[in-house]
Amino acid sequence: MKKLTKTSRRNYLTYLIVIAAFVILQILRTTGAMSSSLKGMLVPICAYMVMAASLNLTVGILGELSLGHAGFMSVGAFTGTTVAIALQDAVPAAPLRLFLALIAAAVGAALAGFLIGIPVLRLNGDYLAIVTLAFGEIIKAIFNNLYLGLDSRGLHVSLLADTTNTAPDGKMIIQGPMGIGGIQKISTFTAGFLLVMISLIVIFHLTGSRAGRAIMAIRDNRIAAESVGVNITKYKMMAFVTSAALAGSAGALFAMNYSTIVANKFDFNTSILVLVFVVLGGLGNMLGSLVAAAALTILPEALRQFADYRMLVYAIVLILVMLATNNPTIKAFFGRLKPGSRSGKEAA
Amino acid sequence: MKKFTCFLIALAMVMSLAACGGSSNGGSSTGGSTTPAASGGSTATEPAPDGSTEAAAGAFKIGGTGPLTGGAAIYGNAAKNGAQIAVDEINAAGGIQFDLRYEDDTHDAEKAVNAYNALKDWGMQISLGSVTSKPCEATSTETYADRIFALTPSASSTAVIEGKDNQFQMCFTDPNQGTASAQYIAEQNLGTKIAIIWKNDDVYSKGIHDTFIDEANARGMAVVSDTTFADGNDTDFSVQLSDAQKNGADLVFLPMYYQPASLIFAQANAMGYAPKWFGVDGMDGILTMEGFDPALAEGVMLLTPFNADATDAKTANFVQKYQDAFGEIPNQFAADGYDCVYAYAQALQAAGATPDMTAEQLNDLMIAQFTSMTFDGITGTSMTWDASGAVSKSPKGMIIQNGAYVGMD
Chain A
1 MKKLTKTSRR NYLTYLIVIA AFVILQILRT TGAMSSSLKG MLVPICAYMV MAASLNLTVG
61 ILGELSLGHA GFMSVGAFTG TTVAIALQDA VPAAPLRLFL ALIAAAVGAA LAGFLIGIPV
121 LRLNGDYLAI VTLAFGEIIK AIFNNLYLGL DSRGLHVSLL ADTTNTAPDG KMIIQGPMGI
181 GGIQKISTFT AGFLLVMISL IVIFHLTGSR AGRAIMAIRD NRIAAESVGV NITKYKMMAF
241 VTSAALAGSA GALFAMNYST IVANKFDFNT SILVLVFVVL GGLGNMLGSL VAAAALTILP
301 EALRQFADYR MLVYAIVLIL VMLATNNPTI KAFFGRLKPG SRSGKEAA
Chain B
349 MKKFTCFLIA LAMVMSLAAC GGSSNGGSST GGSTTPAASG GSTATEPAPD GSTEAAAGAF
409 KIGGTGPLTG GAAIYGNAAK NGAQIAVDEI NAAGGIQFDL RYEDDTHDAE KAVNAYNALK
469 DWGMQISLGS VTSKPCEATS TETYADRIFA LTPSASSTAV IEGKDNQFQM CFTDPNQGTA
529 SAQYIAEQNL GTKIAIIWKN DDVYSKGIHD TFIDEANARG MAVVSDTTFA DGNDTDFSVQ
589 LSDAQKNGAD LVFLPMYYQP ASLIFAQANA MGYAPKWFGV DGMDGILTME GFDPALAEGV
649 MLLTPFNADA TDAKTANFVQ KYQDAFGEIP NQFAADGYDC VYAYAQALQA AGATPDMTAE
709 QLNDLMIAQF TSMTFDGITG TSMTWDASGA VSKSPKGMII QNGAYVGMD
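Just so you know, the sequences run in chain order A and B.
Counting along the first sequence from 1, when you hit position 207 you're at 207 in the working numbering, and nothing is skipped either side.
Adding 348 to a residue's 1-based position in the second sequence gives its number in the working numbering.
Because the hints were derived from the structure by calculation, they are not lab data.
In this text the structure is predicted, and so the values were computed from the model without any measurement.
Ideal Cβ positions, reconstructed from N, Cα and C, are used throughout, including at glycine.
Mixed in with the good hints, there may be bad ones.
[Stated by the list, open to error] Pulled from the structure, derived: some chain A residues nowhere near chain B, Cβ distances all over 12 angstroms:
#	residue
1	ALA86
2	ALA90
3	VAL91
4	PRO92
5	ALA141
6	THR190
7	ILE198
8	GLY229
9	LYS234
10	SER259
11	ILE272
[Said to hold, decoys possible] Only some residues are given here: those of chain A computed to face chain B with a beta carbon under 8 angstroms:
#	residue
12	GLY125
13	ALA129
14	VAL262
[As the list claims (entries may be wrong)] Dumping the calculated PhoX-like pairs for lysine-lysine here, alpha-carbon to alpha-carbon at most 25 angstroms:
#	chain 1	residue 1	chain 2	residue 2
15	B	LYS624	B	LYS512
16	B	LYS624	B	LYS594
17	A	LYS171	B	LYS744
18	A	LYS39	A	LYS185
19	B	LYS744	B	LYS409
20	B	LYS662	B	LYS594
21	A	LYS185	B	LYS624
22	B	LYS541	B	LYS662
23	A	LYS39	B	LYS512
24	B	LYS624	B	LYS744
25	B	LYS512	B	LYS741
26	A	LYS171	A	LYS185
27	B	LYS669	B	LYS744
28	A	LYS185	B	LYS541
29	B	LYS459	B	LYS541
30	B	LYS744	A	LYS39
31	A	LYS6	A	LYS331
32	B	LYS409	A	LYS39
Just chain B, with the same shape it has in the complex (with noise of 0.2 angstroms):
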């Protein structure tokens, strides 16, 4: 009876898969008449299904993968949201026209690698890369070898550029966030004695954490406390806020991702300890977070290249273009993934590339077009970027006032 379980377990994956070519590329599925174990397998090795349907002739396909879903989906789909925006924007100008697609990744390297492959099949020319740090580190790999460029809205280790010349970045690496909040800390004399939350298993708040303090001793600044939290026991911070508490720190660094973050303002507000807190990009998005009070996350400073209260044209028409078709305030992350689109407009257009080129074509004219080009976004004007791959850009800092974020300087 073994064999028949084996057996049913194949022709039920037959038959889905049976099921879900059919809906793709027009009943082209011809699975399930191989030996069982390979059944499972083998049926998926149809052909990849020859180009979306809806893809106007002449369209550069470009694809990235994100959190769609999971704990980091808000990243993911506002950097999703932000570059459609783009795309709709440019295709409707005519001119160069794209084709966007992201597959969801959850936050995780394996599956990145498996929605790169899965856009490999779709056919991308240029890729967004990842949008979350360790699994672009994954998905760089890929490319690197594969030479499809890319350009990541918002992946933010070194590890992503480092040693791969045609995988470029839209946002700050890690340490110069780091470095740029105590810098900024120290000019604007933000606190006289610092603590540090961060959290300890995670790339993003560790490469910020390592940074800032490197910086902060630089500058003979006071971290009076430095505490840490890590996956599994980060709903509980009254250790940390206390420690910080105890020896009066009266600016609380947080460089972390919002969920977290969210809680240390209810527990420190439920403790009575209001110190200033100062974040960073992964700040963004508390405010649209579901079930969050904005007035917890009051006079909350960040520092991020995007400001959507700015009363220039360009940013005025993405948040009004975005309010209305997702109802919410754009975060920097959908900010990013909006100027990699355009970015790439700029290039190609300068390149004078065609959509008929090839992947690899594509990727060396992208390479001496970003190294080379400035480029003014909403998230930065004059950026370069150099031959590793890095921007160069200044940042914003931002408060949160009456629930929405205000500029700074």
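Bound conformation, chain A alone (with noise of 0.2 angstroms):
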């Protein structure tokens, strides 16, 4: 048999974990041992997963800074919710509604980073974050004003202000600043699994073919891979688009885990918040952004017992990780622990 390149080892390992931690979490869940708080926290930090392994394509693998990932996530929940809700009837089926779902999402945002990504990919570094900012920026002030309902006649839209005339048989899925309210939560802990890992064998799959090496190529050098003949702008629009279709799917599993959602949640703190999980879990390494984006969802939650004090304590906490997750004599130490790396995990 053909013995496992390092790359792929590292990728089977991910999986591994994420199973391992599924299977451990759900056993607790089922069994009762698990606090209210982490039940509640399961599905936003499956959300957020997502969020930051697909925000890593962009900023670890394609080498792009974006600060408006949020965005996506936002054109997603909005996306999503509105099939969820325009189908309630239609398709009984929670689990498969969310399928759907999901699925409107990601073509949703899929479709945003296209059209986003048109412009925006002409543009390199400081400018095209600046870009993103703004796209996220846009994204809120629309979603802001979108009214749309929903009535036997079929879907009304307007901008601005409420002139959408539903009839009164019909219902508001979308009212501007208020957002989306009286959501059916039908996000689970289950589906928020499968979504990681979905997200993790697409990820995994285009960095490891051939487009996936062209888009490396053209963040370790542009000018030497246009030399070589890749197309710049069709390979990085590969993969703004793949990052963009798995955050619109985060966002929707996010949304239709709370009973409402508005526009301003998915705001620019929310991209910094994930470029955060990218940045702490190491550029291009995935199984770093998922736990990053576990520990970092989990750890304002453990700090309530601190109060006031819990937003110092966690800053604090954030600047130890990165100094010691940078420090070459502890980098060091871990290193000669490499080559029996599982039993040093065990070891913990």
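Relying on the hints, combine the two individually framed chains into one complex.
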């Protein structure tokens, strides 16, 4: 049998760890050994994991800094939830409806990603970062002013003010600044886990493929890549749209875990939060992103007992982790353990 | 080396969790011997702390979430402090005992659900919901599903109580505020040409604006200027103010929270525009805002159910205690929090509830009590609730004079 390469070994290890974590958490959940606090965070953690992994594709693999990732999450959240509400009567089975909503969210966000990608991907570095930042704000402004009603005559859309004239038998789905209310909570932990797995499979297959090598070649040296005939725009777009689609489905998963969602939730702060997951987990390191997303979602809740000091403690922990992970001595120490990294982990 | 990064993060998580566990429940922390990726998560799964330490045996555990930090913190802290005063009074009097806990939700639905779950782990039996509307919409779905009774002091959106039999409000719903404001302005002849400045990405502001316009149209009032702002462009109001001024508005209705309102007053003052100002309960708190010159708010009218200047014994006692404890005049949110706890005390007493009952048993008792009882508090007398959970009480018009709220009637 062919020996596994280092990369694929690491990929399989990532799958394995995610599955193991899911099984353990699932056992804890069903046996009732899990606190309500953690139980309530399982789905958001999955959503943030997918967000982090997808942003890592743009930032770590493609090498372009995106500051508007929450914009795609927002597109996905609103598209997915709208589809789920519209299909409420047509598709009574919640898992199927969730599946369709996630697909719609991914398609919607991919479309947004494609449209924004056309102008944005002509830019590089800081300029690209600023334009994505603007994109996130535009999406927020649009959803804050969008009204969408559904009645027997179909969908009605209006901007700025509610002029949809939705018939009394229908209902308003998106109500401008009030966002979407009365969402049925159909997101489940299992769905979240599956979404994380699918995202990982998509990302690992993309990066391991010929296209993925082209994408990384663009990251490492754009001019060299172009000189050997790599189509820069095509491969950049491929990574960007994939990343957007995954973020969109994460948004839908997130939105359908709460009974209400507003556009302001997906603001600049959320984009930066996801970027922090990526940077903390390591650029290009998917497992790192997942762990960082889980850790940084749980951390603020775990710090609740510090009351007013928790924000301070959170920041200090963040700084310490950053320092620790970049400390040469610690790196060297673990470097020595590397050959036996498995036993090292068990000892931990 | 990437694995070590993960490992270290996981390690840091474990340490921090272990430290937390140690401080809260007497060193029962056993975090840390699982797979690396799961360690962050699974160590947090220790069973919930078995009750808070100081909780007297036989006390009802009531919990609420509210913004204790961030932009809306003044509301959360006021509601919490008001509720705390009521709890202290009731506990000191003997009889029913309460154990109150407030968790921070930073005015965010996601955080509010997290905060609610933390309270559930603590063993909350009856809930004070959330202080602000959107977070309360999210938590009310949870309390409804978990069958925990909730009485929110100040989450005024209708979505909070809609379709949920165990969600009740101590404050008016937003539509009521808009309608009541328009009625009040029309009946008292406060203005002929009305301008509205509102925040179009805020549930609260929009809810009031829409019903105000409906009522104003129904009454044939002239709304000459209707302008908006949103998060992010809420620092410069010159466009909105000059539009109102240009159209000759003599009364400007401000359905918003006090922070943007404070800027509007300052900027109108700078441009020499002095109409009558009319606000709603979100305006309450402007006088205690740091760095705000109360002189700018002179003559501002607002519709709020609570009047800190009222001379009745209950209000005077509350205001005195609040000032002693927190050094400021309580606003309407504090009074709502105070009333919520007293309403609970009355209902629990009448139902003969005991603290060893489960949240679900208490839930059924409270629904029966709240739909049938009449409650006299400091935010209104003879309050009643209908089955939908909305309160019925009459609003009071207030005006700011010499840096204090004074009743208008």
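Cross-check of the supplied hints:
Residue placement check: ALA86/A keeps its beta carbon more than 12 angstroms from all beta carbons of chain B (closest about 19 angstroms). Interface exclusion of ALA90/A from chain B stands, the closest Cβ pair being 22 angstroms apart, more than 12 angstroms. With a closest Cβ-Cβ approach of about 21 angstroms to chain B, VAL91/A is found to remain outside the 12 angstroms limit, as its non-interface label requires. With a closest Cβ-Cβ approach of about 19 angstroms to chain B, PRO92/A is found to remain outside the 12 angstroms limit, as its non-interface label requires.
Not every CB of chain B is more than 12 angstroms from the CB of ALA141/A (nearest about 7 angstroms), against its label as outside the interface. Distance check on THR190/A: its Cβ is at least 15 angstroms (rounded) from any Cβ of chain B, clearing the 12 angstroms threshold; non-interface status holds. Distance check for ILE198/A against chain B: the nearest CB is about 17 angstroms away, which clears 12 angstroms, and the non-interface claim stands. Taking the minimum C-beta to C-beta distance to chain B, about 31 angstroms, the non-interface status of GLY229/A holds against the 12 angstroms cut.
Consistency note on LYS234/A: stated as away from chain B, and its beta-carbon is indeed over 12 angstroms from all of that chain's, at 29 angstroms minimum. At the 12 angstroms boundary, the C-beta of SER259/A falls inside the reach of chain B, the nearest C-beta of that chain being 4 angstroms off. The claim that ILE272/A is not at the interface with chain B holds, since no C-beta of that chain comes within 12 angstroms of its own (minimum 15 angstroms). Below 8 angstroms, beta-carbon pairs count as interface contacts, and GLY125/A has none with chain B, the closest being about 24 angstroms; its hint is therefore violated.
Interface restraint check for ALA129/A: the shortest CB-CB distance to chain B comes to about 19 angstroms, outside 8 angstroms, so the restraint is violated. Interface hint status for VAL262/A: upheld, as the beta-carbon distance to the closest one in chain B is roughly 6 angstroms, under 8 angstroms. For the hint linking LYS624/B to LYS512/B, the alpha-carbon distance of about 39 angstroms lies beyond 25 angstroms, and the restraint is violated. Restraint check for LYS624/B and LYS594/B: the C-alpha separation of about 15 angstroms stays at or below 25 angstroms, so the hint holds.
Straight-line distance between C-alpha atoms of LYS171/A and LYS744/B comes to about 34 angstroms, which puts the hinted pair past the 25 angstroms bound. Restraint check: the Cα-Cα separation between LYS39/A and LYS185/A comes to about 14 angstroms, which is no more than 25 angstroms; the hinted pair holds. Taking the CA atoms of LYS744/B and LYS409/B, the gap is about 32 angstroms. The hint is violated against a cut of 25 angstroms. A threshold of 25 angstroms between alpha carbons decides the hint, and for LYS662/B with LYS594/B the separation of about 46 angstroms lies outside it, so the pair is violated.
The suggested pairing of LYS185/A with LYS624/B is violated, with an alpha-carbon distance near 45 angstroms, which exceeds 25 angstroms. A C-alpha spacing of about 39 angstroms is found between LYS541/B and LYS662/B, which places the hinted pair above 25 angstroms, so the restraint is violated. Between the alpha carbons of LYS39/A and LYS512/B the distance comes to roughly 23 angstroms, so the proposed pair stays at or under 25 angstroms and holds. The straight-line distance between the Cα atoms of LYS624/B and LYS744/B is roughly 17 angstroms, inside the 25 angstroms bound, and the hint therefore holds.
Straight-line distance between C-alpha atoms of LYS512/B and LYS741/B comes to about 21 angstroms, which keeps the hinted pair within the 25 angstroms bound. Simply put, LYS171/A and LYS185/A have alpha-carbon atoms about 18 angstroms apart, close enough for the 25 angstroms limit, and the pair holds. Between LYS669/B and LYS744/B, the direct Cα distance comes to roughly 22 angstroms. Compliance with the 25 angstroms bound is thereby established for this hinted pair. Distance restraint check for LYS185/A and LYS541/B: the Cα-Cα separation of roughly 46 angstroms exceeds the 25 angstroms cut-off, and the hinted pair is therefore not satisfied.
About 42 angstroms separates the Cα atoms of LYS459/B and LYS541/B, which puts this hinted pair outside 25 angstroms; it is violated. Taking the CA atoms of LYS744/B and LYS39/A, the gap is near 44 angstroms; set against the 25 angstroms cutoff, the hint is violated. As the CA atoms of LYS6/A and LYS331/A are separated by approximately 19 angstroms, the hinted pair is consistent with the 25 angstroms bound. Our distance criterion of 25 angstroms between C-alpha atoms is met by LYS409/B and LYS39/A, whose separation comes to about 21 angstroms.
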